[in-house]
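J.: Chains A and B, in that order, give the protein sequences. Numbering of the first sequence is given in our numbering, commencing with residue 1498 and proceeding in unit increments. Numbering of the second sequence is given in our numbering, commencing with residue 1498 and proceeding in unit increments.
Treat the hints with caution; some may be incorrect.
According to the in silico footprint, chain B covers these stretches of chain A (three or more CB under 8 Å from chain B) [claimed, not checked]:
| no. | stretch |
| --- | --- |
| 1 | 1500 to 1508 |
| 2 | 1675 to 1685 |
| 3 | 1705 to 1712 |
| 4 | 1750 to 1760 |
Rather than coming from a laboratory, the hints here were simulated on the basis of the structure. We treat Cβ as the ideally placed atom computed from N, Cα and C, and that holds for glycine.
Listed below are the residues making up each chain.
2 protein chains.
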Amino acid sequence: MSSPSLPREVVICEVGPRDGLQNESTLLSVENKLALIEGIIDAGAKSIEVGSFVHPKAVPSMADTDEVVKRLRKIDGVEYRGLALNFKGVERACEAGVTKVKVSVSASRTHSRQNSNATPEEVITGFGKCAAFCSDRGRELSGAISTAFGYTDEGIIPLEEIYPIVDAYLDLGIREISMSDTTGMAHPGQVYEYMTDLIRRYPDVTWTLHPHNTRGMALANIYAAMTAGVSHFDASFAGLGGCPFAPGASGNVATEDVVNMLETMGVRTGFDLDKVLTVARKVEEYVGHPGDSSMLRVSGF
Amino acid sequence: MSSPSLPREVVICEVGPRDGLQNESTLLSVENKLALIEGIIDAGAKSIEVGSFVHPKAVPSMADTDEVVKRLRKIDGVEYRGLALNFKGVERACEAGVTKVKVSVSASRTHSRQNSNATPEEVITGFGKCAAFCSDRGRELSGAISTAFGYTDEGIIPLEEIYPIVDAYLDLGIREISMSDTTGMAHPGQVYEYMTDLIRRYPDVTWTLHPHNTRGMALANIYAAMTAGVSHFDASFAGLGGCPFAPGASGNVATEDVVNMLETMGVRTGFDLDKVLTVARKVEEYVGHPGDSSMLRVSGF
Chain A
1498 MSSPSLPREV VICEVGPRDG LQNESTLLSV ENKLALIEGI IDAGAKSIEV
1548 GSFVHPKAVP SMADTDEVVK RLRKIDGVEY RGLALNFKGV ERACEAGVTK
1598 VKVSVSASRT HSRQNSNATP EEVITGFGKC AAFCSDRGRE LSGAISTAFG
1648 YTDEGIIPLE EIYPIVDAYL DLGIREISMS DTTGMAHPGQ VYEYMTDLIR
1698 RYPDVTWTLH PHNTRGMALA NIYAAMTAGV SHFDASFAGL GGCPFAPGAS
1748 GNVATEDVVN MLETMGVRTG FDLDKVLTVA RKVEEYVGHP GDSSMLRVSG
1798 F
Chain B
1498 MSSPSLPREV VICEVGPRDG LQNESTLLSV ENKLALIEGI IDAGAKSIEV
1548 GSFVHPKAVP SMADTDEVVK RLRKIDGVEY RGLALNFKGV ERACEAGVTK
1598 VKVSVSASRT HSRQNSNATP EEVITGFGKC AAFCSDRGRE LSGAISTAFG
1648 YTDEGIIPLE EIYPIVDAYL DLGIREISMS DTTGMAHPGQ VYEYMTDLIR
1698 RYPDVTWTLH PHNTRGMALA NIYAAMTAGV SHFDASFAGL GGCPFAPGAS
1748 GNVATEDVVN MLETMGVRTG FDLDKVLTVA RKVEEYVGHP GDSSMLRVSG
1798 F
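My request is simple: use the sequences and hints to build the entire structure.
T.: This is how it looks when you write it as structure tokens:
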């Protein structure tokens, strides 16, 4: 077999301020969140998921996202992404001033019912108004598919169940879709198969892999996705973001671990590893416990 | 790109009793070591690196390897491998009754000098007597190449420096060679490149990858190695085996993490995951601290 072709450069979206912090019981101040976001931009991030616009009682750690976004410095070439799960959230995100809104649907019917009390199709239908709203205001809209590879209560999600969700996103004019391995069940063989198929079937979509490291496979999945042609990845400083379905388990893959792997492979990330490590140490200090970061451990912290 | 071909089944050698335990300050009793080895055999292991035959003052945790091996039940189809670094060790290993002796040389000249006060070539020359001794007694001999991908003090080891070591092993009649990523520096691109080249150049050698998870890349490296045609891997229960050069860093990849990834990929390992987890929990109890195991964490232990 010839050497797998890899992208020469990738985009890593830092999702720590949202996915990393959302389940933390220690609530960070707006100032600390801004310091983290500014630190990761200084480290090279061009895309940051800065928070979610959900009900403050549902996710207390995200209650101040509006203020965080309003106080962010606008920087050319830096994208601030905000997660919203309904029209109210999209309104708030646009009002606060995010560059891009991300909406999300669960590929698992079980998970979708638990999360939204609706089928995936019903959730997608609800995004029509959000898409029109964003379009009117010149804001980009991207779509995430959570539990895209599998769900603990349901097992593997067949690829065929992903197609109608993608089609629905395309109908809304969305051209950037994130495949989220929410429960960290995906393995590199599956990631390679799914992403190869989706890229072939939907070549105009910008595909992102959002891996979780719950079972230690995140870097393997990123490598497999790259050999399939994926060049956009989500990661979280210090590997924060424990899966709520598995207490104690790892969460998102650590940004510093991804940067280290890719840079040593000669794949450009635009990140400065030392600066990412500095931010990751600060995050651990803020939340008051270690995350899950191989590079922090090996660097003696 | 067509789907990478993967082996249908692999051999995982459980190296925990040697590489996992050798740096532990808590010394296990012979009974506890035997319980772990018997447990991992019951979990499906067909190859176990049961200890090393080195000077007891240099590695106190391995001082009782002779007794451990003597007390092991001989089981058809189960291989007991012992590591030796000189003729004295090979003599002891054969006397104790291992099925296979593994000798080792460091590909890094710096590391080789630190470890053996000799050049890699001098170390290899010294193995001639070991090979004759094993051959006379009908014992198999395998060769390991430590720091085969890189060394912290030296950086990347070029592939060209591996060839003369392989040639020297072949001259001794050795046909099973382990590429050890001692410091966990290898990335999947390098592993793919090196293993593809070595398999093409030396098709009659049984190649093993011995990954360390120091920088979180062990599972990615195993996946990359499988796509290159490797089907033999080393792993350690609970991911024990911290790298002495990076205190606090991860060591060997956890056997349970490898078994989980491969079995979910449809690659047969012959291991029962639940039984491996039981052994891994017992190891953590014996050594008195957690190892580095994603599957133990996600299983709520």
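J.: For the stretch 1675 to 1685 of chain A, count the residues whose Cβ lies under 8 Å from any Cβ of chain B; is that count three or more?
T.: Since three or more residues must qualify, the claim that chain B covers the stretch 1675 to 1685 of chain A holds, with 4 doing so at under 8 Å.
J.: Counting residues of the stretch 1705 to 1712 of chain A that have a beta-carbon nearer than 8 Å to any beta-carbon of chain B, does the count reach 3?
T.: holds (count 3)
J.: Checking C-beta pairs, does the stretch 1750 to 1760 of chain A have three or more residues closer than 8 Å to chain B?
T.: That given contact holds, which follows from 4 residues of the stretch 1750 to 1760 of chain A lying within Cβ reach (below 8 Å) of chain B.
J.: Examine the stretch 1500 to 1508 of chain A for residues whose CB is less than 8 Å from any CB of chain B, and state whether their number is three or more.
T.: It holds: at least three residues are needed, and the stretch 1500 to 1508 of chain A offers 4 whose Cβ sits within less than 8 Å of chain B.
Comparing the model with each numbered hint stated earlier shows that all of them hold.
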